[in-house]
Structure formats: structure tokens, C-alpha cells
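Student: Below, each chain spelled out in residue letters.
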Amino acid sequence: MSATWTITRLTWHELVRRRLVLALLICTVGVIGLTGWGFAKVPGLHDHGQRLTPGEIRVIAAQLLILVMFMFSFVLALTCAFLAAPAIAGDWESGVALALLARPLRRGELLCGRWLGLALPAVAYTALAVALEFGVARWTTGYVPRQPVVAVAALAAEGLVLLTLTLALSTRLATVTAAVIAVVGFGAMWMGGIAGAFGQVFHNGAISTVGTVTHLLLPTDGMWRAATFALEPRLFAAQAAAHAGAGAFEAASGPTPAYLAFVGAWALGVLGLAWVSLRGREP
Amino acid sequence: MTDRASAPTGASPAIHTVGLAKRYGSQVALAGLTMTVPRGLVFGFLGPNGAGKTTAVKLLLGLARPTSGEGLVLGAPVGDVAVRGRVGYLPELFRYQGWMRAREVLGLHLRLGHQPRPTWAAAIDDALRTVGLAGRGDDRVQTFSKGMQQRLGLAVALIGRPELVVLDEPTSALDPVGRHDVRQVIRRLRDRGTAVFLNSHLLTEVEQVCDRVAVIDRGRVVGEGPLATLLGGGAVRVRCTGLEAGALERLQAFGPASAADGWLAWAGLDHERVPDLVARLVAEGARVYQVDVTQTTLEERFLQLLAPS
Ligand SMILES: Nc1ncnc2c1ncn2[C@@H]1O[C@H](COP(=O)(O)OP(=O)(O)OP(=O)(O)O)[C@@H](O)[C@H]1O
Ligand SMILES: [Mg+2]
Chain A
0 MSATWTITRL TWHELVRRRL VLALLICTVG VIGLTGWGFA KVPGLHDHGQ
50 RLTPGEIRVI AAQLLILVMF MFSFVLALTC AFLAAPAIAG DWESGVALAL
100 LARPLRRGEL LCGRWLGLAL PAVAYTALAV ALEFGVARWT TGYVPRQPVV
150 AVAALAAEGL VLLTLTLALS TRLATVTAAV IAVVGFGAMW MGGIAGAFGQ
200 VFHNGAISTV GTVTHLLLPT DGMWRAATFA LEPRLFAAQA AAHAGAGAFE
250 AASGPTPAYL AFVGAWALGV LGLAWVSLRG REP
Chain B
0 MTDRASAPTG ASPAIHTVGL AKRYGSQVAL AGLTMTVPRG LVFGFLGPNG
50 AGKTTAVKLL LGLARPTSGE GLVLGAPVGD VAVRGRVGYL PELFRYQGWM
100 RAREVLGLHL RLGHQPRPTW AAAIDDALRT VGLAGRGDDR VQTFSKGMQQ
150 RLGLAVALIG RPELVVLDEP TSALDPVGRH DVRQVIRRLR DRGTAVFLNS
200 HLLTEVEQVC DRVAVIDRGR VVGEGPLATL LGGGAVRVRC TGLEAGALER
250 LQAFGPASAA DGWLAWAGLD HERVPDLVAR LVAEGARVYQ VDVTQTTLEE
300 RFLQLLAPS
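Here the protein sequences come in this chain order: A and B.
For the first sequence, numbering that gives the first Met the number 0 begins at 0 and goes up steadily by one.
For the second sequence, numbering that gives the first Met the number 0 begins at 0 and goes up steadily by one.
Because the hints were derived from the structure by calculation, they are not lab data.
Just so it is clear, CB atoms sit at the ideal spot from N, CA and C, and this is done for glycine as well.
Watch out, some of these pointers could steer you wrong.
Taking beta-carbon pairs under 8 Å as the criterion, some of the chain B residues facing chain A (in silico) [said to hold, decoys possible]:
{"no.": "1", "residue": "Leu60"}
{"no.": "2", "residue": "Ala81"}
{"no.": "3", "residue": "Tyr88"}
{"no.": "4", "residue": "Pro90"}
{"no.": "5", "residue": "Arg94"}
{"no.": "6", "residue": "His108"}
{"no.": "7", "residue": "Arg110"}
{"no.": "8", "residue": "Leu111"}
{"no.": "9", "residue": "Val221"}
{"no.": "10", "residue": "Val273"}
{"no.": "11", "residue": "Val287"}
{"no.": "12", "residue": "Gln289"}
{"no.": "13", "residue": "Thr293"}
Next up, chain A with everything else stripped away, as it sits in the complex (with noise of 0.2 Å):
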């Protein structure tokens, strides 16, 4: 067996161990549970003594969808952070990287276990969370978002995004800077988001330009965009296009092509930098 599915397997135990997939599952559960009893609510709605039609409810409940979602997208970027900040960084503040890499264990196994270890268990998170979630909102509404295939997928890299990230991050710095950074990139880059949207709103060159860099610089804002135009309804796109209305939730048109993969790009080249990196650091 190749050292990199060591590693791997060594990071998925240790996730079970710690018991943060319990952890996890329990929470998610719980939260899906209480959206569930929200959406369950909605075709109940009144609106003047009239019950909502059909269409009303589905707007609604694509409107609520997206923000579950987007709550969700805040939790697994932050759960991606948390867990690849100390990825590699834990291994050198404790030394048990000397034991380790005195092994048959190449740098570039190391960090490519770590990674498959921490995203294979996020995209299976993702799809299970994401998958639950859009059972209950079909379910109680009836709703069923344009992509639903697409929306995790882009969730999901949207994870990894900051988990490739954060890892790069870790192999240099320690564990609560790599965490601190990534946050805070995050942040930032959905601001920029925003701001980028406004900017095409109002047509204004600098600020739309703002939401370009963002989405180049760090693409977890980018993948939020395209996970957005997956969830919402098939004609709610063409109704956003109209008013050009592209606030933080709402998303005129899918991801290019191109930007996809700048984006599959994006992370290997960060890899590539954090292998670059972990190279020449020395436990």
C-alpha cells in the first residue's frame, strides 16, 4: 500500500477518533431537522387571508434553500479551515513529524495524504449534508433547485478550496495562523463578492473589477456564485438577468467553462506551491 494512502487512512482515523465526524453528523442532523420543520412551514404561509400559489411558494422556498445553503457553505469552508490548519503544522508544533518522515515517506506523500485524507471525507459530508437537505426541502415544498448535482458539486469545491489552501498555509505557518489567514481570506473574498455584483449593478468599472480579483485571488466566492444560479429555480435566473439584480444570494449566470478550470488550476497550483514549501521546511 502507497505511503500516501497511509497517510490518508491516518487522517480519516484520526477524524473518527477525535470524534469530530460524530460530531458533525449530529449537528448536521439536528440543523437539517430544524430547517426541515422551517420549510414544512411555508405552504401554510398566508399572505392577506390567501393561501401563497404554487409559484410563491416555490420562490420561497428557493429563497430559503439558498440560505441554508449558504450557512452551510460558511460551515464547511470554516470545518475545512479548522481541519487543514493543523494538518501539517500539528505534525512539526508536536514533532511527530520526525518520527514520520523518518520513514519511507516522501514530503509530497505527506501532504497529498493529508489532503485526500481531509477532502475525501468533505466532499462525502457535502453531498450527504447537501443531498438530505434538498430531500427535506422537496419533500415539504416540493422545490427542487435547476442543478441539484451541480450545487454540491460546487459547494463542495468551494470546500476544498480553502481546505487546499489552509493546508498550503500549514505547511509554513503554525496551526492558528494558517486558520486565522484562511478565515479571514474567506471573508474577504465573499465581501469582495458582493462588491463585485454591486459593481455590475451600477456599472462601475472599479468595483466589478473588485469582484473579478476576488474571484481569481481566492475562488471560494466564485464556487458560492455558481452553487447559487444551481439552486434557484429555472426561471428565477432569467427574472434576475432582467433586473440585473445580483445581490449576495443571487447568481444571473453559471460559472464559465474557463473559470472552472482556472479553478481546477487554482488548486493544483497551490499544491504544487504548499509541496514547493513543505520541501524545504525541516522538522
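Guided by the hints, dock chain B with the ligands onto chain A, whose structure is given.
Tutor: For chain B with the ligands alone, coordinates are given in the frame of chain A:
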């Protein structure tokens, strides 16, 4: 290039370095280490704090990259990944995953060392027994005392039948019984042909187990050789009277003598020559009352070597 580190024909030595050096910024951690550690011996690597012992070990294991120089470990250049599967290592700072059970830590190292799975259970039991942790294998490492963690580290270093075991101060956290156990373990390793590189500043310990010793100070070797040679015999003191004037000159063959309080003393004299010395003294007309033979301790030799030259 005659002094290039190259694999000698036949079995390569356990360790062979030529001018291995490491600098951290302007700080010289190791100034140029040239030494050969044969296989199947216990090699003591001595030096005061900050001499560069740990740095040398890290370079040998590929944990740090040398600034210059080269070295071979079991015939492979330092930093070679595959050879690390044949080397066991107990770091000076021994820390293992606290959330794992002791057996799991050993299993992880067997897995990383590409050891065949069917051998694991027996190897783990054997290693735990050897270091005195039998019965604690299923406990979490974080519940271990410091000494138990060092014992676990020793087990990690021994597991998988390495050809070379590098121990960086293996008894720093151990009680006297533990120190004794470690010496036993080291002797047993030697008996089965494993080379042991023992990094230490506990001189009595080194004296008891090492076949060969190198002393380093401020990043360079100041003395190296078989323990007996390095110690260079002992000192002899003789209390005698009636020695003729000029007799001491005729005793030059035994080395320079010093006289004080009715005692004559010779330093660095081989044990076997003591009877000859006494015979000569008597032949020179001396009346001998007392002969004291003391073996130079490693500590005395160590302090001599480290004395600013
Ligand atoms: N990572 C590092 N960065 C800077 N200097 C270092 C580093 N590691 C070691 N040194 C320096 O190198 C020198 C040798 O250190 P080393 O740890 O090899 O000593 P040692 O012989 O093992 O000492 P001790 O007996 O205290 O363990 C010291 O002066 C130390 O300050
Ligand atoms: Mg040391």
C-alpha cells in the same frame, strides 16, 4: 576526487560521511563531519549541549538537508527515501500521535516501512515486550507517562528489524531500571548484527555499551576511535623512595613522569606495562611501597578533549 563519499566494495558501512556540514543562517550546527560507523557495532556519538549531535542525526536520516558534504547510510546517499525502511530512529523529542493506541503507532510505522502484514502482530508484541510495555499496547499514547512514551519510541525504532538503529538520547526520560533495560536492548541489537548509533552525553552509559566512540564539539569531531584506544590506558602512581638521581630520565620509555608528595605518576600508560615499570623502578634501586593503577574514565577523557586547545 579521492575523498568523495562512495560505497566501498562489499558490505557498505552503516554510516560513512565526508565533510557533512549544516548551517542555519550564520549559525554553524555541524562544521564538517567525517566518520565511518562500521556495521554490527555500537557507536557512541558524544558531545556537549549544542555540539551538533542531533543535527548530524537529522542529516543522516534525511530530515534536514546538508549545506555541504556528503554521506552514505547503509550504502545509500543521505536523504534516500527507500533506505529509511531499514533504519530505526528514536528522536530526541519523542512524540507520537496521542490519540492512537501504542499498537496502532507501531502498526503505522510497520505500514510506512512496507513490512509484510502477516508479520505485524508478532513484531508488535515482541517490540512492546522488549521495551517493557507488554500489557499497555491497547492504551492510548496520551495516557502514557513521559518515560513510557520514550519506551514506545524505542519500540518504534526497533520494529521491523532495522539494520541500523539511531537513538538520540534514548534514556533522557527513563528511570534507572529503564536505563538498564535500554543497555540490554542495545546489546541484544548488537548481538543480532544491528549497528547502533547512540547519541548521548551520559558518559557512563556510553562507556558501558559502546564499542567505538566519536566526540564532537562545536560541530566538529575532536576524538574518534575504539573506546579503549580513545581512553588511552590509565594512570599509574607509585610511592617509592631511594631512586637514584637521573633515574627518571632513564624511565622516559614509560612517558613523562610527574613527582609530588613522594608519589611518581605516569599518565596514559597501558595496563600491561605496569609490571615492567615496577621492575625497572626496582632495578634502578627504588624501594616501592605502593602502586595505584587507575583507568582513565570517559569523563576525564571527554573533558580533556573538550578543553580549549
Ligand atoms: N533549526 C535550527 N535552527 C537554528 N539553529 C539550530 C537549529 N537546530 C540546531 N541549531 C543549532 O545547531 C547547534 C547544534 O544543535 P544540536 O541540536 O545538533 O545540538 P546537540 O548536540 O544535539 O545538543 P543537545 O545535547 O543539547 O541535544 C546549536 O547551536 C543549535 O542552536
Ligand atoms: Mg541533541
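Student: What hints, given by number in increasing order, does this structure fail?
Tutor: Violated: hints 9, 10, 11, 12 and 13.
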